[in-house]
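Enquirer: Listed below are the residues making up each chain.
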Amino acid sequence: MREIHVDQIRDAVAELCIKANCLLPEDFFKVLRSSAENEPSPVGRDVLCQLVENAEIAAADMSPICQDTGLAVVFAEVGQDVHIVGGAFEEAVDAGVAKGYTDGYLRKSSVAEPLFERKNTRDNTPAVLHTRLVPGDRLRIKLAPKGAGSENKGALAMLVPADGLEGVKRFVVETVRHAGSSPCPPMVVGVGIGGNMEKACLCAKWACARDINSRNPDPRYAALEEELLELVNKIGTGPQGLGGRTTAFKVNVEFCATHIASLPVAVNINCNAARHAEVEL
Amino acid sequence: MSEPIRLTTPLTKDKVKQLKIGDRVLITGTIYAARDAAHKLMVEALDRGEPLPIDIRDQIIYYVGPAPAKPGRPIGSAGPTTAGRMDAYTPRLLDLGLTGMIAKGNRSKAVLDSMQKNTAVYFAATGGAGALLAQRIKSYDVIAYADLGPEALAAMRVEDFPATVVADCHGGDLYKEGIKAYARD
Numbered sequence: 001m002r003e004i005h006v007d008q009i010r011d012a013v014a015e016l017c018i019k020a021n022c023l024l025p026e027d028f029f030k031v032l033r034s035s036a037e038n039e040p041s042p043v044g045r046d047v048l049c050q051l052v053e054n055a056e057i058a059a060a061d062m063s064p065i066c067q068d069t070g071l072a073v074v075f076a077e078v079g080q081d082v083h084i085v086g087g088a089f090e091e092a093v094d095a096g097v098a099k100g101y102t103d104g105y106l107r108k109s110s111v112a113e114p115l116f117e118r119k120n121t122r123d124n125t126p127a128v129l130h131t132r133l134v135p136g137d138r139l140r141i142k143l144a145p146k147g148a149g150s151e152n153k154g155a156l157a158m159l160v161p162a163d164g165l166e167g168v169k170r171f172v173v174e175t176v177r178h179a180g181s182s183p184c185p186p187m188v189v190g191v192g193i194g195g196n197m198e199k200a201c202l203c204a205k206w207a208c209a210r211d212i213n214s215r216n217p218d219p220r221y222a223a224l225e226e227e228l229l230e231l232v233n234k235i236g237t238g239p240q241g242l243g244g245r246t247t248a249f250k251v252n253v254e255f256c257a258t259h260i261a262s263l264p265v266a267v268n269i270n271c272n273a274a275r276h277a278e279v280e281l
Numbered sequence: 282m283s284e285p286i287r288l289t290t291p292l293t294k295d296k297v298k299q300l301k302i303g304d305r306v307l308i309t310g311t312i313y314a315a316r317d318a319a320h321k322l323m324v325e326a327l328d329r330g331e332p333l334p335i336d337i338r339d340q341i342i343y344y345v346g347p348a349p350a351k352p353g354r355p356i357g358s359a360g361p362t363t364a365g366r367m368d369a370y371t372p373r374l375l376d377l378g379l380t381g382m383i384a385k386g387n388r389s390k391a392v393l394d395s396m397q398k399n400t401a402v403y404f405a406a407t408g409g410a411g412a413l414l415a416q417r418i419k420s421y422d423v424i425a426y427a428d429l430g431p432e433a434l435a436a437m438r439v440e441d442f443p444a445t446v447v448a449d450c451h452g453g454d455l456y457k458e459g460i461k462a463y464a465r466d
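First to last, the sequence lines map onto chains A and B.
Counting in the working numbering, the first sequence runs from 1 upward without gaps.
Counting in the working numbering, the second sequence runs from 282 upward without gaps.
Rather than coming from a laboratory, the hints here were simulated on the basis of the structure.
Just so it is clear, CB atoms sit at the ideal spot from N, CA and C, and this is done for glycine as well.
Certain hints may be false.
Residues from chain A that face chain B, not an exhaustive set, calculated with beta carbons under 8 angstroms [said to hold, decoys possible]: (1) D61; (2) C66; (3) G149; (4) C184; (5) T237.
Pairwise CB distance ranges, derived in the manner of DEER restraints [unchecked claim]: (6) B:P355 x A:D27: 31 to 39 angstroms; (7) A:R177 x B:A436: 32 to 40 angstroms; (8) B:E284 x A:Y221: 42 to 50 angstroms; (9) B:R287 x A:P42: 40 to 48 angstroms; (10) A:N196 x B:P352: 42 to 50 angstroms; (11) A:A162 x B:A462: 30 to 38 angstroms; (12) A:R177 x B:R287: 30 to 38 angstroms.
So that you can see chain B by itself, here it is in the shape it has in the complex (with noise of 0.2 angstroms):
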């Protein structure tokens, strides 16, 4: 298996390019974390012609909803939840510039279609890993939804995250490709 790749953000469109199914990465730098209840939000927002809280332009959202941390920790297991929930919010905040996104799970048709339309990467992160994956989390700070609890908007400083590029800006698909590769009679 090849060395991973390193990546930083932003992840700009340039970086996706590059970027193809099966590919593992290890990102550093700053990522955001928003699963349900905050996406519900975000596009709320958006829908009332407000600004998102955040400047998304070649950033990286990572569906998560941390366990609590402990005492002197920035954040306690930190796993994948699963994407498909996302879908329905994903496409406004793919035309908005949004990047990359992290989870675990496929995507509708509707995302695929728009990342390779934004130029968007997805990555999956181990579900089930949130114990190592929490180790790569050196800070995590609340922007906004703060009464929301382990499901508010918040920014984390990543370090060598490890994920695997599951659907790329050309239309790759590993959940499809992976299976049918593995599937028997």
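In isolation and in its complexed conformation, chain A is listed as follows (with noise of 0.2 angstroms):
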């Protein structure tokens, strides 16, 4: 057994959390810089330098790329062989987040309850965690901040086997016209195909979270991210839906084992600033 004191949990998300809202990764930066070069729309090409002058200074200013640094998406990856100790899992990443979002000048944008007070936490808590436990005596967390504005324009469509890839095709494309310019765009679309309802979601969001340089290591599936991004770039929407050809940046598809019965395909959308950081404790 390895221990792990909650107490370098905590300092990890934090971390992460200002990491994750303030420095874009590097190959995000080299994406951003050849679209700005590509995109035949003026009005476009404006859109794409600024966003590239922005990554500029949120990086040297440490201060958030974008005002809305979201609900903490926490994915951590629990190796069965460590030893939580001090505390809380749980209680730990929140804090963690709390620490973040407050020490690093981030907005706090959670509200407590949805429906009836709608009031802020004030420190950006709860988390959205996904736990996992796996082999080994590590642990893993990656965190992808999530803003409305893209989260927003997600859909989810339990489709059946005989609507087949056609089907699915269709549903991607149908999601990214209707989100518009909502996302932000240029975005980061992530796509999860199989499982049941909250897995193809799950799927999405871990698609969405991918590094921008991935591929699907299923070669089919790999075709069809290359394939689904040339269909969404033809819909015009282009970078803040003011017209052009880059209306996402990348496509990425995760599958999983369904039902005999089901195809349920699960839509995330990611904004122009598709942040994420991991950290392996």
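Starting from two chains that each stand alone, build the complex the way the hints lay out.
Expert: Laid out in structure tokens, this is it:
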């Protein structure tokens, strides 16, 4: 058993909150710059150049790339040979979110209850925490802050097997078309295919938080990622929805086993700052 | 691409009439920050027959909920929020003389019609460019609804604040025209 103290977890999460919100990954910078060169729409190019400059300012200043620093979505992989000491794991993650969002001057956008009072929790807790138990004695934490402009445009379709590949493509394209300018395009589109309702949504979220240059290891799904990117970039939405060819930087697809009678498809959309950071303890 | 147009506030209707979709502008002067909750409170005040906390004639409202300011700074990251959520309240304010709005995303037909009727303009700032836009905001002073935190009604002095005309007072809507120009089968 390897011991990890909850204070370590809290501090690691706090650091991830600040890092993810202020530092755009280097690979993503490259994608932004090349899109700015290749976008034919002058208004679109102007937007993309502003996004490059914005990310440079945010990094130099350690200020958030976007004021909507989102809900803190946390993917934790806990090695089964890890012994967490000093307190409760979930409380440590929330303590880290509170610390990171406070110390990092990040906006607190979490309300405690959705329908009646909608009172802000004032420290951006609770995190949206997804924990998996895995082999080993390490603890991996990936933090992907998610703003509402893009999150609100996600969708789930419980298709049936007869809808097939064409049905999946149609649903993804229509979801992106309907999202329009709201998710601050160019976007990163996460698609989860298979599983059941909640599993498809989790796959889509995980797909959204993948590195910008990653590909699905299954060549059929990697090809589908390429084809979907081409299709969504024909819609014309463009940077900020003002018209152009760069509606999405990337479409990431994840799949999982499903029922003989089901073909769930979930689409989770990320904005032009597909923010995420990770650490291994 | 042509040089940006320099605009100073107050934004009179004469200035609005010169603007058309696709124009890039740099705004200097005082603008007001308000989003969902502040709009709701302003319209509720009007419903009760009370005056607004500000005279909005010839003014610009920026739909923004900034991140907290670091010490020594007027404001934290401050990019636009989605305009559609304010559509229900906007025609009331346009009828009172509001001439400009800065946000992101398309507007309802009711808002676009009211903009034509009242000679107003809608600018988009770049969503996701909150750090860059914050640098163009030189002061931030809460005027009303302080308890709303980042949603309070505030006055901001801006210098060369970059935006694009996305809906003009002549019926132009760049969200429709722009996408049409680049859509392919």
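Enquirer: Run every hint past the structure and note whether it holds.
Expert: Outcome of the hint check:
1. D61: This hint holds: A:D61 lies near chain B, its Cβ roughly 7 angstroms from the closest one there, short of 8 angstroms.
2. C66: Where the cut-off is 8 angstroms and the nearest Cβ of chain B is about 5 angstroms from A:C66, the hint holds.
3. G149: 6 angstroms, holds
4. C184: 4 angstroms, holds
5. T237: 6 angstroms, holds
6. B:P355 x A:D27: 31 to 39 angstroms: 33 angstroms, holds
7. A:R177 x B:A436: 32 to 40 angstroms: 38 angstroms, holds
8. B:E284 x A:Y221: 42 to 50 angstroms: Cβ of B:E284 to Cβ of A:Y221: about 47 angstroms, so the range 42 to 50 angstroms holds.
9. B:R287 x A:P42: 40 to 48 angstroms: The hinted range 40 to 48 angstroms is violated for B:R287 and A:P42, with Cβ atoms some 19 angstroms apart.
10. A:N196 x B:P352: 42 to 50 angstroms: Because 49 angstroms falls inside the window, the suggested range holds.
11. A:A162 x B:A462: 30 to 38 angstroms: 37 angstroms, holds
12. A:R177 x B:R287: 30 to 38 angstroms: Given about 36 angstroms between the Cβ atoms, the range holds.
The earlier numbered hint that this structure contradicts is number 9, and it is the only one.
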